[in-house]
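Take the given structure of chain D and dock chain C to it, following the hints.
Protein chains in written order, with numbering that gives the first Met the number 0: chain D, 0 to 410; chain C, 0 to 410.
Treat each hint with caution, since some may be false.
Which copy? The list can't say, so a pair holds if one copy fits it or any two copies do.
As the list claims (entries may be wrong) - 27 Å max Cα-Cα, derived DSS-like pairs, lysine-lysine:
no., residue 1, residue 2
1, K355, K343
2, K343, K100
3, K35, K96
4, K94, K355
No lab work stands behind these hints: they were computed from the structure.
Each chain is listed here by its residues.
2 protein chains.
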Amino acid sequence: MKKKPALPPSPFAPRTFPTIPPIDVGVSALSAGLKKSGALDLTLFTLPPTTQIAAVMTTSDCPSAAVQWCQSILPTPPRAILINAGNANAFTFEKGKHAIKAITQALANKLAIEPSSIYMASTGVIGVPLAEQHIIDSLDALCHQATHQDSPHPWADAAHAIMTTDTYAKGATATYSLDGQSGTIVGIAKGSGMIAPNMATMLAFIFTDAALPQDQLQRLLKTHTETTFNAITVDSDTSTSDTVMLCALGHKPLTNKSHIDAFSQALRNVMHDLAMQIVKDGEGAQKFITVRVTGAQTQTQAKNVALSIAESPLVKTAIAGEDANWGRIIMAIGKARQGIQQEKISITINNHPISKQGRFVGEPHEHAIEKTMREPAITIDIDLDIGNAQFTAWTCDFTHGYISINADYRS
Amino acid sequence: MKKKPALPPSPFAPRTFPTIPPIDVGVSALSAGLKKSGALDLTLFTLPPTTQIAAVMTTSDCPSAAVQWCQSILPTPPRAILINAGNANAFTFEKGKHAIKAITQALANKLAIEPSSIYMASTGVIGVPLAEQHIIDSLDALCHQATHQDSPHPWADAAHAIMTTDTYAKGATATYSLDGQSGTIVGIAKGSGMIAPNMATMLAFIFTDAALPQDQLQRLLKTHTETTFNAITVDSDTSTSDTVMLCALGHKPLTNKSHIDAFSQALRNVMHDLAMQIVKDGEGAQKFITVRVTGAQTQTQAKNVALSIAESPLVKTAIAGEDANWGRIIMAIGKARQGIQQEKISITINNHPISKQGRFVGEPHEHAIEKTMREPAITIDIDLDIGNAQFTAWTCDFTHGYISINADYRS
Numbered sequence: 000m001k002k003k004p005a006l007p008p009s010p011f012a013p014r015t016f017p018t019i020p021p022i023d024v025g026v027s028a029l030s031a032g033l034k035k036s037g038a039l040d041l042t043l044f045t046l047p048p049t050t051q052i053a054a055v056m057t058t059s060d061c062p063s064a065a066v067q068w069c070q071s072i073l074p075t076p077p078r079a080i081l082i083n084a085g086n087a088n089a090f091t092f093e094k095g096k097h098a099i100k101a102i103t104q105a106l107a108n109k110l111a112i113e114p115s116s117i118y119m120a121s122t123g124v125i126g127v128p129l130a131e132q133h134i135i136d137s138l139d140a141l142c143h144q145a146t147h148q149d150s151p152h153p154w155a156d157a158a159h160a161i162m163t164t165d166t167y168a169k170g171a172t173a174t175y176s177l178d179g180q181s182g183t184i185v186g187i188a189k190g191s192g193m194i195a196p197n198m199a200t201m202l203a204f205i206f207t208d209a210a211l212p213q214d215q216l217q218r219l220l221k222t223h224t225e226t227t228f229n230a231i232t233v234d235s236d237t238s239t240s241d242t243v244m245l246c247a248l249g250h251k252p253l254t255n256k257s258h259i260d261a262f263s264q265a266l267r268n269v270m271h272d273l274a275m276q277i278v279k280d281g282e283g284a285q286k287f288i289t290v291r292v293t294g295a296q297t298q299t300q301a302k303n304v305a306l307s308i309a310e311s312p313l314v315k316t317a318i319a320g321e322d323a324n325w326g327r328i329i330m331a332i333g334k335a336r337q338g339i340q341q342e343k344i345s346i347t348i349n350n351h352p353i354s355k356q357g358r359f360v361g362e363p364h365e366h367a368i369e370k371t372m373r374e375p376a377i378t379i380d381i382d383l384d385i386g387n388a389q390f391t392a393w394t395c396d397f398t399h400g401y402i403s404i405n406a407d408y409r410s
Numbered sequence: 000m001k002k003k004p005a006l007p008p009s010p011f012a013p014r015t016f017p018t019i020p021p022i023d024v025g026v027s028a029l030s031a032g033l034k035k036s037g038a039l040d041l042t043l044f045t046l047p048p049t050t051q052i053a054a055v056m057t058t059s060d061c062p063s064a065a066v067q068w069c070q071s072i073l074p075t076p077p078r079a080i081l082i083n084a085g086n087a088n089a090f091t092f093e094k095g096k097h098a099i100k101a102i103t104q105a106l107a108n109k110l111a112i113e114p115s116s117i118y119m120a121s122t123g124v125i126g127v128p129l130a131e132q133h134i135i136d137s138l139d140a141l142c143h144q145a146t147h148q149d150s151p152h153p154w155a156d157a158a159h160a161i162m163t164t165d166t167y168a169k170g171a172t173a174t175y176s177l178d179g180q181s182g183t184i185v186g187i188a189k190g191s192g193m194i195a196p197n198m199a200t201m202l203a204f205i206f207t208d209a210a211l212p213q214d215q216l217q218r219l220l221k222t223h224t225e226t227t228f229n230a231i232t233v234d235s236d237t238s239t240s241d242t243v244m245l246c247a248l249g250h251k252p253l254t255n256k257s258h259i260d261a262f263s264q265a266l267r268n269v270m271h272d273l274a275m276q277i278v279k280d281g282e283g284a285q286k287f288i289t290v291r292v293t294g295a296q297t298q299t300q301a302k303n304v305a306l307s308i309a310e311s312p313l314v315k316t317a318i319a320g321e322d323a324n325w326g327r328i329i330m331a332i333g334k335a336r337q338g339i340q341q342e343k344i345s346i347t348i349n350n351h352p353i354s355k356q357g358r359f360v361g362e363p364h365e366h367a368i369e370k371t372m373r374e375p376a377i378t379i380d381i382d383l384d385i386g387n388a389q390f391t392a393w394t395c396d397f398t399h400g401y402i403s404i405n406a407d408y409r410s
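For reference, chain D alone in the conformation it holds in the complex (with noise of 0.2 Å):
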């Protein structure tokens, strides 16, 4: 049995990790062992009694125990939430709940917190028990530096500390103006393989000094998910363990609908930005590729279409092989059984002309194709016209580092 060896960088690593400006929130991860490489595993975010917390899960038939757990506990005001990767903690069952119980009421009895105030998340493999002791044991200390903040970078360490098989490590911030005040939102994400809508495999921890009811933070959270997270894939494969969280410290109250709009705009950027640096470092990723469907009955009808272009292995694998195959879009577009008019198809790829309303118009234009399909990001825009709904995905090529990542080494 071949070791897994360390795995390459994705081409589209950024070159540092953002600097996350002040926010009150306690952030700390370290070691309990789950992850064999003996990396970062196990993260902990302490919040403030004034917080919210919206959330989107899998919407997977066998979600993870910590997915039901925080399912049952939503919405009760978050003070605490603990991630650990290396096992997913799914499929595990009454071994699964029992781990969770123990777990957040040694957490609730060191913070002095109600367990049901303490959300969880776990990413890693699916139907081995967790090692719920390793993960207790580790309590102190992981509440000592949440408290104490004494690492330089805790954000890069807690992005670190929930990869699986990440290359690099996510975060993003954004800020929001309101008439001279401003606010900030920050967070952290990962995601690799397993990326599908709904939702893509990954987590997601976002948070904000704002202050918003409840239901209009779920509200936000889930409009914008629909074209960030919901709209990227790798694989077509939806996980177990999926959750974006939205924690809204209660500092800065939203008071009126342009101050809402304001932060509304921010938070979806940062959802946006990580949503990207999830597809880009897909497993096997060389390529970046955004899918724009334009023209289109309903956003329903435009989101098929697009998702139907970027799952389609045949469409990937010749991105991956810098191939203008665009009969292969035209099999995904005609395969999503959208009702559409084939004769009314446009396409172009980085904007070079390929088809017009059904006809070939690439011709002219074969050599500025064949040199743009070597560019790492690939544009594919599709225009149904047959309406005015639009919807964008975005994935990756599907490369010989997909097949390594997952196949070549056993778990």
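Chain C only, in chain D's frame:
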């Protein structure tokens, strides 16, 4: 740009093409120069005037010109079927229609039949106009061959001529017995990539000496397609050209229910045989995978769960890596969103128990499971334990070979 090398044959390639019993069909195949390699690429079947035809075709919104042509003439009794490989004549619009008109008219003149009794199928590259003159120029030789049957292996030639990325020719036969009288069913098929329900990206042409009314023939073909050609997937991509045709030559009437049942069973055997040959020749296939779902509430529920597993890149790469990663099977069951109850799921792999009603029971069998993953055939049994319906899907593993075929060489 690298030149496309000859593909290595699938490890499941049969040693010989089956011996085809005599049946009243004129068969001929030759090279019309549509495949760059100069291999056989044009096939003609001629049929007696008593023939009835049934067909099942792609559900794509972008069907090829040949599919649209066939749909426009069905169920006119067929006198000929003309098939070309090397060009799908899809997304070609007026040019594609014009090509079919010119070709069928030329062939009709030569055979002294109506153009509307000539069915067509095309497979190959999408979006490129069909070189119709190459085909028209070959019709004389093709008709001569069909009449004189001077090839020693006309069926094997035909099965070769319809191939694209297939690594072997696919043929099957069966006989049915009716109170001492016996009849024959003969079929050929192609398909290797762009294989998904509905339908597999495939062509299949099946002939029988039986006599059946057209509506009954259509019903039987549709019923058996559900559990054969529509139960296989290689890459979840659906083509623009999928076509299964069933021709009953009308020589041997099937008069009562037991006669029809015997015929129906033999027909299913041929369709199943051809479907298995397609999936075993899936692009890059090294493993043949059977996914059997039992204990479902409905056949549709069982089918959706089975196909979610059979289409999952993560399940298929795990099997390529000979890794009994049953967590990915759980993931794939969950993502199907069929309202199953995860605590009831039982899983075996090649009859080795992995999970029983939600508990992991694989530990004592770990060595045996590890060993069985090295077998070329892997059968995954899922018991949902919530009903009595079932469905079986077939697929192959997802290997570097698939990426090589679809990404390493330009089309």
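Verification of the hints:
1. For a Cα distance limit of 27 Å, the shortest separation of K355 from K343 inside one copy, 8 Å, qualifies, whereas the shortest one across copies, 52 Å, does not.
2. For a Cα distance limit of 27 Å, the shortest separation of K343 from K100 across copies, 23 Å, qualifies, whereas the shortest one inside one copy, 57 Å, does not.
3. Taking the shortest Cα distances, K35 and K96 sit within 27 Å of each other inside one copy (23 Å), while across copies they are farther apart (61 Å).
4. With identical chains, the CA atoms of K94 and K355 are at most 27 Å apart between copies only, with a shortest distance of 15 Å across copies and 58 Å within one.
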